[in-house]
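Student: Below are the chains, spelled out letter by letter.
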Amino acid sequence: MRELILFGVLATTYLMVIAKRAPALIRSFRYQSFFLFLITLVAGYTEKQINLYFIALLILILKVFIIPHGLNLITKKINVEENLGLFVNAQLSLIVALALTYCSRVFSETLGFGMDYRLAAITVAFSVIFIGAFLMISRMKAFTQVIGLLVMENGIFLFASFVSGGMPFFVEIAVFLDVFVSVIIMGLFIYRVNKLFTHIDVNKLSSLKG
Amino acid sequence: MMNIFHKQFFLFDPLSLFFLLVIFIISLPSAVYSFGYLKGEYSSAKITLTWFLLSAFVLSMAFVVTVGNCLVFLVFWEIMSLVSYFLVVFDSTHEKSIKAGMIYIVMTHIGTAFLIAAFLVMYKYANSFDFFAIKNACQVMPAQTKNIVFLLLLIGFGTKAGIVPLHIWLPYAHPQAPSHISSIMSGVMIKTAIYGIIRFVIFILGINSSWWGVLVLILAVITCLVGIIYSLMERDIKRLLAYSSVENIGIVLLGVGLAMFFISVNLPYLAVFSLIAGLYHLINHAIFKGLLFLCAGSVYKATGTRDIEKLGGLIKKMPQTSAYFLLGAMAISALPPLNGFVSEWLTLQAFFLGVFNVTGGTRLFLGICAAMLALTSGLAAACFVRAFGITFLGKPRSHYAEGAKEVALSMKIGMSFLSFLIIIFGLAAVKIMKLLAKVAGGAIGLDTGAMSFSLNSFVLSPQAGKDIYLSTPLLLLMLTLLGTAGFCIYMLFGRKRVITYRTWDCGYYKLDSRNEYTATAFSKPFRIAFSFFLMPYRRTQKIRESFYHVKSFTYETHTTLIFKKYIYDPAIALVFRLAGSMKRIQPGSIHLYLGYIFVTLLLLIIFMHRF
Amino acid sequence: MQIFFILGIPGLLALTALLVKKQRIFGILNSIGYLVVLCESALLLKKVVLSGGVKLCGDFIHLDTLSAFFIFVISVVAFAATLYSVGYIRKDVETGIISEKKAMVYYVLFNLFCCSMLFVPAVNNLGILWVAIEMTTLISTFLVGFYSSKESVEAAWKYIIICSVGIIFALLGTILFSYAFSLSGGTSSLNWSSMVASAANMDKNILKVAFIFILVGYGTKAGLAPMHTWLPDAHSQAVSPISALLSGVLLKTAIYAILRFGTIIIKGVGFAYFAHLMILFGMISLAISCGFILVQKDLKRLLAYSSIEHMGIICIGFGLGAPLAVAGALLHVFNHAVVKSLMFFGAGNVVSAYKKHNMNAIKGIIKAMPFTGVMLLLGMFALTGFPPFSIFISEMLIIISAFSNGSYLIASLLLLFLAVIFGAFIYHFGEMLFGNIPKGMAPAGEPLSGKIAFLFLFFQICVLGIVLLFIKKDLLWIAQNLFQA
Amino acid sequence: MIKIMIAILQLVLFIAAAPILSGLISKIKNNIRLRKGQSILQPYYNLAKLFFKGEVVSETASWIFRVTPIVVLSSTLTAAALIPVFISSSPMHQAGDFLVLVFIFALGRFFMALSALDTGSFFGGMGSSREMFISSLVEPALCMVIFSISLQFGSTDISAFNGIYAVSVSSIVAAIALFLITIAETSRIPVDNQETHLELTMIHEAMVLEYSGRSLAFIEMASYIKQMIFFFLIAQIVFPIALPVFNSLIQLASWILWYLARIIIIAISVVLVEVSVAKMRLFRVADFLGFAFVLGIIAVICAMLGV
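Residue numbers (the numbering used here), protein chains in the order written: chain E, 1 to 210; chain G, 1 to 611; chain F, 1 to 485; chain V, 1 to 307.
In short, the hints are calculated from the structure, not lab data. Treat the numbers as computed from the prediction; the structure is a model and nothing was measured. It cannot be assumed that every hint is accurate.
[As the list claims (entries may be wrong)] Going by beta-carbon spacing under 10 Å, a handful of chain F positions derived as facing chain E:
no.	residue
1	V165
2	S182
3	S189
4	Q296
5	Y427
6	F456
[Stated by the list, open to error] Listed next, the stretches of chain G that the computed footprint assigns to chain F, with coverage defined by at least 3 CB atoms under 8 Å from CB atoms of chain F:
no.	stretch
7	83 to 97
8	218 to 232
Glycine is no exception: its CB is placed at the ideal position from the N, C-alpha and C atoms.
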């Protein structure tokens with residue numbers, strides 16, 4: 001069961017890598033968050049902790065519904081071309097993503113996780129983090145970076161829930177709120193960037209240098 | 001034990017007291033002088049500021065030579081630099097002042113960095129910054145470390161002293177300050193570096209091997225020659241004096257270096273003698289260079305220019321100032337019986353005595369050093385004939401000089417005090433030698449009670465049994481007697497008919513100031529003779545009216561500052577090029593910036609086990 | 001008890017700012033509030049130093065010497081910034097750059113920002129620490145993009161993205177720490193005090209990796225090269241009092257976080273690992289900032305790079321690890337905060353008078369604004385480590401211990417970079433401060449509150465510099481307290 | 001007291017005898033050139049003529065110009081007084097040593113050069129510049145010569161001269177160096193030419209161009225004495241001579257003869273150089289004196305090796 005969900009997480013991450021347009025990217029993110037929700041649900045069920053159900057609920061509300069919805073809203077509102085502006089084309093990106101997954105595997109082994117499902121989970125978590133980072137570097141548009149950040153955050157959540165049984169509850173909540181606020185602020189700034197520059201191509205924001 | 005801040009704050013030994021004397025003996029007349037000098041030059045608020053800065057400057061120097069702890073020394077050393085920087089940029093609207101100040105403070109700071117390094121190496125062994133604790137620790141310091149500390153100290157203090165090639169700041173900074181400050185800077189401040197060398201190298205560190213002294217001697221010779229040659233080429237009277245300070249620091253260092261050498265070959269008597277010679281020249285230079293800067297300030301105040309090509313004929317308009325300047329020029333050219341002569345004679349004598357007492361090729365080396373000192377003094381005489389002759393004699397070369405008036409009383413008092421000292425220090429050589437013997441003995445750590453440098457209270461005798469004597473009072477007596485006799489003969493016999501007439505003009509109608517020999521022309525033989533070093537180049541421009549008739553002709557000549565051109569400029573350019581190319585790593589792309597973070601992370605993880 | 005005042009007052013002021021309409025009145029109110037905070041934090045520091053650490057609200061708040069010290073630093077700079085803001089914001093309102101309403105927004109954000117920063121050293125839980133630091137980023141983003149110009153929005157975007165990415169790594173690191181902690185038999189709590197207690201039993205491998213994540217993560221926030229890229233942008237575009245806060249204390253809160261984890265690492269892995277990494281980052285920061293300072297053209301960016309340089313020095317100080325070096329580094333935290341605030345205030349005055357950031361266009365500051373000019377001049381010497389100012393002492397302590405450690409290479413590189421940076425500073429400032437005022441520049445006033453802020457900071461620079469020459473016991477005590485070896 | 005009397009006698013003798021040397025040189029030179037030449041005593045006539053003539057002083061000149069003749073003369077006489085000519089040690093030998101001699105000459109030269117600048121004449125400036133140039137190059141060479149000599153005597157005391165010592169390679173080389181220096185110092189060809197007033201070549205003459213009458217007489221006198229001193233020094237180095245022994249009149253006579261003859265030998269060699277060499281360009285003088293310097297170094301090395 002767990003393995004299946006983990007596979008889903010990884011697959012959606014790959015989908016994000018090959019996405020060329022904004023809606024596709026957001027949709028994949030939504031799926032990934034949904035798998036995360038499932039995992040938390042399963043964890044809550046096996047470990048019999050009320051907290052985890054609550055967190056799962058939060059994931060569902062924030063990451064599956066509100067944030068993707070908000071992002072969609074922004075893309076519609078700023079009304080620019082939805083192309084993501086790839087530095088690295090989709091095929092190559094996929095190869096990089098696979099390589100990153102391999103690296104994550106090696107890395108997880110060096111960390112000393114045994115050969116059980118946790119190794120797989122940690123590998124997936126690290127690949128999600130790294131691929132999120134890769135997304136941030138290789139895509140020009142501002143909201144890709146927001147999504148990259150969210151993907152990384154998802155990866156960390158995944159990691160946290162497997163290595164130490166999650167963080168303390170109130171920390172978890174605080175982190176969630178934090179991420180939520182930061183996404184809102186970023187959204188606000190995307191809006192401002194668009195207003196001032198009439199585009200959201202952050203690659204072109206380079207008047208401050210040296 | 002972590003005993004950084006030792007209780008012993010002050011250290012008053014003869015060496016400190018001597019330098020304290022040097023500081024106050026120059027600062028006092030300079031301060032008196034400044035009453036007249038500052039008036040009308042600056043607003044009253046700025047004058048108050050100069051007084052504040054002057055006091056801070058003198059105090060910080062006084063602390064530098066009297067504190068007994070490296071860290072405190074460093075603090076006051078830097079305060080001294082800082083205050084003098086403020087004084088250099090005092091005319092803050094001049095582009096030149098800003099640049100001069102920058103070069104000065106940067107060079108000083110680099111020097112200080114070396115000093116910090118030296119002190120900290122010493123600290124590592126002594127675990128304390130206290131002078132005496134370090135002195136004790138230095139006895140067990142390995143020779144290799146000692147060598148390094150010595151080199152660090154030499155560079156550190158050498159920057160402040162203006163040892164070539166670290167002298168680069170000196171000719172920029174000294175002239176830019178108000179003149180009474182220039183006189184303190186040139187007269188005293190750079191001497192604190194000599195204090196540092198004596199205090200830290202000779203007194204604390206102890207001489208390790210003979211190459212230290214030899215190195216200092218070589219540097220000193222180069223400093224002498226380079227300083228005086230540049231001085232000869234200079235048109236700005238204050239810069240001329242500043243370069244001459246470089247030269248004189250070289251002469252002082254000859255004495256100090258010789259002392260270091262003699263200590264290392266275990267000739268204590270000669271070591272004391274050479275150090276005395278060095279210290280004697282140090283205080284002499286303080287006096288006459290102080291005086292010369294004050295006179296130069298008077299000239300500037302009276303005429304509004306420092307370019308000697310625009311001056312001339314001031315001896316008639318400013319008789320007193322010119323007399324003081326003449327006295328200073330004579331002293332710096334080592335003419336008997338003034339003080340500069342005594343100390344230069346002592347230095348030469350120290351070389352000769354060294355030659356009699358050492359063996360091997362070193363003798364020749366010492367001899368050549370002495371010859372170079374002689375060359376320096378010859379060039380110095382030429383330089384000051386030029387400086388005095390072009391500035392004060394002949395006809396005024398421009399309207400600046402024509403309107404000159406004698407300066408205010410307070411300025412004259414300041415100058416006359418120093419002039420008086422020049423004569424005293426020339427005539428009372430025996431007394432002063434006795435005092436300096438204590439200072440030098442204390443610095444080297446010898447009892448000089450048994451050492452005698454004089455025959456009686458008028459005659460110096462560097463080494464008993466050698467029949468080498470010098471008596472400035474006697475020389476003065478002879479000169480005056482013979483001079484009086486000559487004067488009587490001149491005045492008494494026969495009729496004397498003196499006609500005042502135009503200077504011979506080869507039959508032209510009238511000579512004017514444009515026909516006069518210029519300072520640039522005066523220095524031409526030297527420019528040609530030292531062209532391998534000065535690398536002079538010239539630019540001529542003819543504007544022709546027709547093929548036969550030249551309407552105007554301009555001629556420029558410049559010398560190349562080789563240290564600036566071949567050492568400093570390329571080094572600075574290199575630093576800026578490196579920095580400029582570094583700028584490319586930050587082109588404004590956020591993706592690249594994120595990339596840096598990831599790459600850093602990956603590299604660290606890959607090389608994790610290396611840390 | 002003081003801690004509740006310290007945390008409460010800024011929060012309360014933020015609420016008040018929503019109600020008060022007049023920025024003038026509120027400015028003064030604000031200053032009084034922060035004066036109280038300052039006094040309270042001084043009391044707190046005294047109390048902690050004399051009677052040891054305090055734990056409050058269960059284990060939620062944990063105050064030891066280090067945190068009390070950082071709170072004190074923050075409140076000093078915050079107080080100066082409030083004073084300076086009074087005149088600065090008023091002027092902006094008067095010249096119509098911002099509206100009265102926006103001024104109040106500024107004060108709300110300012111207070112929230114300070115509150116979040118004061119929160120950082122107080123909390124015991126490393127997760128909440130993370131949240132607090134992230135909050136500082138989020139709030140200050142608005143302050144960076146406050147003027148809504150193209151540049152400031154660009155800077156704000158870079159700031160929030162780069163710092164968020166960095167800080168996400170820090171979160172990962174935090175989780176790895178908690179993992180190591182749980183492996184060693186601890187509960188899943190993230191309490192620092194309990195983690196330190198069992199640090200020796202933790203898995204070294206995991207701790208090593210975790211610390212790399214922490215260092216890169218919080219290092220981004222602390223402006224360590226090569227993760228420093230957001231810093232010059234944000235600092236140069238922020239409102240000047242905020243630049244002072246960013247440079248003076250925000251960076252230090254990140255350093256504080258690194259130190260907290262560092263303590264665990266030193267116990268768990270050994271000192272060498274921590275030291276090597278810190279010194280490595282310190283050196284890279286110094287080298288890179290040195291180059292950028294040399295060829296910089298923008299006044300506020302220059303100061304920003306100088307902050308990177310000083311963070312490098314602080315890192316080296318902590319990395320050297322000898323009590324003397326740690327004392328030096330801690331002192332440097334304070335000194336740099338004070339001096340850099342002074343410089344940013346000065347730069348703020350200059351920029352608003354000349355309407356330019358470009359240093360080539362700024363000439364004759366001393367003539368145009370004598371007070372600011374003199375303060376900038378002295379501040380520059382203080383910043384570059386001239387005695388009798390305090391930075392000299394702290395830099396010397398670090399260099400001394402480097403020499404005593406036998407780390408000659410580090411010490412000499414440090415001396416070299418410091419000398420070059422000094423040269424660059426005097427080069428830039430000499431041109432700006434002296435010379436003649438450019439034609440057509442309107443004479444600029446210097447508000448009284450700004451002057452008070454300058455004097456307040458300058459007083460500390462001088463007094464510390466001189467007093468510390470004679471008193472060193474307390475510093476060493478703090479240092480030894482930190483690394484109980 | 002007797003010492004002082006002797007010193008005064010020595011000075012008087014110096015003053016009395018110095019011009020004749022110039023006359024002698026001039027006579028020999030003319031004779032070699034197959035001219036009749038002026039009388040040996042011509043310098044005396046010249047001095048007397050100048051002494052009683054009126055003076056013209058430039059209106060630009062200041063007191064420096066007026067005081068210079070006296071300073072130059074008195075400094076040269078002081079130098080003369082330092083040298084022990086007839087007795088084993090000069091009565092004034094406590095006043096200074098060999099080195100002091102150099103500085104005393106510098107004093108006179110300093111004023112000479114200033115007075116040349118004082119009148120505002122372009123010749124004066126030229127002469128003063130060249131004079132200072134040459135003298136500054138002379139000093140290191142002179143220093144090496146003094147150095148090599150004092151290495152042999154173990155002291156820089158001039159009195160040490162008056163004794164018999166074996167003439168070594170070192171002293172001969174030193175004497176040659178001193179000879180070259182003397183040529184430069186006494187304004188002889190190939191460095192300078194006393195006989196011409198051609199603008200481009202004159203050095204010493206350019207400096208004294210504005211002087212006339214009694215002042216000029218003083219200056220001329222000073223340069224005669226200076227020449228005498230240098231010749232005496234060279235003679236003492238190559239042909240050392242002991243104190244006169246008054247055993248018999250013949251001995252004394254031969255002593256005096258030899259004493260004078262060696263100076264004449266030096267004078268003749270100077271003449272020979274003057275008539276056989278062309279005048280050098282000013283900038284070649286540096287090489288010329290550099291050669292003297294190198295000779296000085298060789299002399300030092302020889303002295304160190306003991307040959």
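Student: So, for every hint listed, does it hold in this structure?
Tutor: Results for each hint:
1. V165: holds (7 Å)
2. S182: holds (5 Å)
3. S189: Holds. Min distance 6 Å.
4. Q296: Since chain E brings a Cβ to about 7 Å from Q296 of chain F, closer than 10 Å, the hint holds.
5. Y427: violated (16 Å)
6. F456: violated (31 Å)
7. 83 to 97: holds (count 5)
8. 218 to 232: It is violated, with 0 qualifying residues against the three required.
Figure legend: structure checked against the earlier numbered hints; hints not met, in rising order: 5, 6, 8.
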